Amino acid sequence: AQTIHQWPVAEIKAVGSPLSLGCTIKGKSSPNLYWYWQATGGTLQQLFYSITVGQVESVVQLNLSASRPKDDQFILSTEKLLLSHSGFYLCAWSTRDNAETLYFGSGTRLTVL
Amino acid sequence: AQKVTQTQTSISVVEKTTVTMDCVYETRDSSYFLFWYKQTASGEIVFLIRQDSYKKENATVGHYSLNFQKPKSSIGLIITATQIEDSAVYFCAMREDGTNTGKLTFGDGTVLTVKP
Numbered sequence: 001a002q003t004i005h006q007w008p009v010a011e012i013k014a015v016g017s018p019l020s021l022g023c024t025i026k027g028k029s030s031p032n033l034y035w036y037w038q039a040t041g042g043t044l045q046q047l048f049y050s051i052t053v054g055q056v057e058s059v060v061q062l063n064l065s066a067s068r069p070k071d072d073q074f075i076l077s078t079e080k081l082l083l084s085h086s087g088f089y090l091c092a093w094s095t096r097d098n099a100e101t102l103y104f105g106s107g108t109r110l111t112v113l
Numbered sequence: 114a115q116k117v118t119q120t121q122t123s124i125s126v127v128e129k130t131t132v133t134m135d136c137v138y139e140t141r142d143s144s145y146f147l148f149w150y151k152q153t154a155s156g157e158i159v160f161l162i163r164q165d166s167y168k169k170e171n172a173t174v175g176h177y178s179l180n181f182q183k184p185k186s187s188i189g190l191i192i193t194a195t196q197i198e199d200s201a202v203y204f205c206a207m208r209e210d211g212t213n214t215g216k217l218t219f220g221d222g223t224v225l226t227v228k229p
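If you read the sequences in order, they're chains V and D. Residues in the first sequence are numbered consecutively from 1, following the working numbering. Residues in the second sequence are numbered consecutively from 114, following the working numbering.
Simulated from the structure, these hints should not be mistaken for laboratory data. Note that the structure is a prediction, hence the values are computed from the model and not measured. You may find that some hints are simply not true.
[Unchecked claim] In silico EDC-like pairs for lysine to aspartate or glutamate, Cα to Cα no more than 20 Å straight-line: (1) D:Lys228 <-> D:Glu198; (2) D:Lys216 <-> V:Glu79; (3) D:Lys169 <-> V:Glu57; (4) D:Lys228 <-> D:Asp142; (5) D:Lys168 <-> D:Glu198; (6) D:Lys183 <-> D:Glu157; (7) D:Lys216 <-> V:Asp97; (8) V:Lys70 <-> V:Glu57; (9) D:Lys216 <-> V:Glu100; (10) D:Lys168 <-> V:Asp71; (11) V:Lys28 <-> V:Asp72; (12) D:Lys183 <-> D:Asp142; (13) D:Lys216 <-> D:Glu170; (14) D:Lys168 <-> V:Glu57; (15) D:Lys169 <-> D:Asp199; (16) V:Lys26 <-> D:Glu157; (17) D:Lys185 <-> D:Glu128.
Just chain V, with the same shape it has in the complex (with noise of 0.2 Å):
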């Protein structure tokens, strides 16, 4: 079976400050990677695809990066935080039919300050 998991739980960071989120899934070979962003209380908004390792496309700018070093592994990143970046990050992970569902992860809970 498939697991993704995402790390940290939880962050807490001043605004200005760097951030990296990570997300590895385990169980599955070449899976296209998600980055999805929620709003407190919003609705959940893509950020970022990969379908292979070394290859993301950005759907919104909102002073974020990503990168895929890893087939299993989704990275999240920015030099400098903004307070608009505070939200949920999700990472999900789908097969490479574009039908096929979109699994996400648990989260990444940050907080900027």
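Fit chain D to the given chain V structure using the hints.
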């Protein structure tokens, strides 16, 4: 552009009853996929059920079923024999065919409270 609308902000029901949550969508594509997810109190988002637009039969998984009315662009979620643990936020989402971006367009969610 795609749009997903959940008009019910919140619903409260007594356990063991049936609840229906509404969702309407807008798309120009002839082929698309519709999903329902549940977000628990911890924030975890759990996939529940999906409907492929080309399928006429309504999907059913456990005590979840869908009421797919394609001419009305509507995909309602029906939960039978509700349990306290069904209390959560329910999101309807749509994915268009022909892309490999994994982009789901989500509705704003419906908060379900199941009371004893």
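Practice prompt. Mind listing which of the numbered hints don't hold for this structure, in increasing order?
Written response: Hint check: 2, 3, 4, 5, 6, 10, 13, 14, 15 and 17 fail, others pass.
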